[in-house]
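A.B. asks: Chains as they are written, first to last, in the numbering used here: chain H, 4 to 261; chain X, 565 to 734.
Heads up, a few of these hints could be off.
Within a straight-line C-alpha distance of at most 30 Å, the following computed BS3-like cross-link-like pairs (lysine-lysine) qualify [unchecked claim]:
id, chain 1, residue 1, chain 2, residue 2
1, X, K637, X, K668
2, X, K722, X, K670
3, H, K222, H, K36
4, H, K222, H, K210
5, X, K706, H, K210
6, H, K36, X, K670
Far from chain X, some chain H residues (derived; all Cβ distances over 12 Å) [to be verified]:
id, residue
7, A69
8, G196
9, V197
No wet-lab data here; the hints were simulated from the structure. None of these values were measured; they are calculated from a predicted model. Every residue gets a Cβ at the ideal spot worked out from N, C-alpha and C, and that includes glycine.
Chain residues, written in single-letter form:
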Amino acid sequence: MATTSISFTETPLLNLVLRRADDALILGHRLSKWCGHAPMVEEDIALANIALDLIGQARSLYDYAARIDDSGFTEDHFAYRRDEHQYRNCLLVEQPNGDFAATVVRQVLFSAFMDLYWRETMKSRDETLAAIAAKAEKETAYHLRHSGEWLIRLGDGTDESHARAQEALDELWAYTGELFETDETERAVIESGVTPDVGSRQESWQKRIEPILREATLKIPSAPFMHTGGRSGRHSEHLGYILADLQYLQRAHPEAVW
Amino acid sequence: MSTLAELDTEDDLVARARAAIEEVCDPEIPVLTIADLGVLRSVEVTADGEIEVAITPTYSGCPAMDVIGFDIKTALAKTGIDNARVRQVLSPAWTTDWMSEAGKAKLRAYGIAPPAGRASRRALFGEESIACSHCGSHETEKVSEFGSTACKALWRCKICREPFDYFKCI
């Protein structure tokens, strides 16, 4: 019974599926930490439910990853037995929860991106991805509506809530550039019609969030610097701590089941 | 080639299996069967003579799926069918439009407001008008977009003052 990390051949399709799966798992894990700690019970339930949707999406995607890889690994191997450098999530989702405003801002920025992404991926030539997209699209639209309404409430709320929301936006904006990066690996699956070209979707994304920010009286920061690296396994220090927490049980007691 | 007699048996088997499976209830909303919910997609006999049941999740992370799978196998075992397989299908994606009218009536009687209208993006981002599941008034307000399970939201009636669950329209 091995506790070591798995190794596998990362084809462009597998790489793409892991990018989506890792985004969903890491953000789902982050959000689950709010359970029992949210500012009010309704929000406690909401964040736990959003986390559940994301972890559900991650499971479908890891299951597909295991089938693509076809060497006997399961969804759990991909979630629990890869190291930081094998994780393909964007840096935005691994950023700490911070205060409630930071969690809401992160959720708006990410959900608006995924809402666009899943809607287009419903037309993917890859049947499995299209099926996962059709489910995830509805959930993501609901997450966007929910977090968008909260951001308006916070931004257009008290001086304190406005200041915190603006501070979170200033901080997290620098992680949004990465969402629209494509590389050579992804180019292969864009050209075969498996995934939309996110590189050309930044404007649509900004149009989606601008009305929310306007109503929230928040300003888009002018951030010339954008962080990057997550898609190729170069993560912030936060991911290691997340994985230590997430993977401990499976590394200590491999193949443990409920 | 199958003989006519074998085909008859196969049909009988599917009918027997289906009758048993249609009685299986959702563990989180026990007033609805999985057929009412639209979660039960198909019951078939495979080439090797096994019963294969296809179910679809309401939400990607619906924790009830494992229990539903187990309950299906238990229901089949009670009618003497031991060699059943339960498969999850994602496509086409489940929508509240698949809930039967009988199912919606059962939900209302149970105290949960059924999904209002048809599922669409416009419906999601537009104004919602939900009838109170207790008194029927439309003078209601949303308390929380998420409720006790992934598929429900929490509402409150301004007339009878009672809170109620609403089965989200997606």
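A.B. asks: Take the hints in turn and mark each one as holding or not.
C.D. replies: Status of the hints after comparison with the structure:
1. X:K637 <-> X:K668: 26 Å, holds
2. X:K722 <-> X:K670: 23 Å, holds
3. H:K222 <-> H:K36: Roughly 28 Å between the alpha carbons, so the hint for K222 of chain H and K36 of chain H holds.
4. H:K222 <-> H:K210: 14 Å, holds
5. X:K706 <-> H:K210: 28 Å, holds
6. H:K36 <-> X:K670: 36 Å, violated
7. A69: Its Cβ never comes within 12 Å of chain X, the nearest being 14 Å, so this holds.
8. G196: At about 17 Å from chain X, G196 of chain H clears the 12 Å cut-off, so the statement holds.
9. V197: 16 Å, holds
Checked against the numbered hints above, the structure violates only hint 6.
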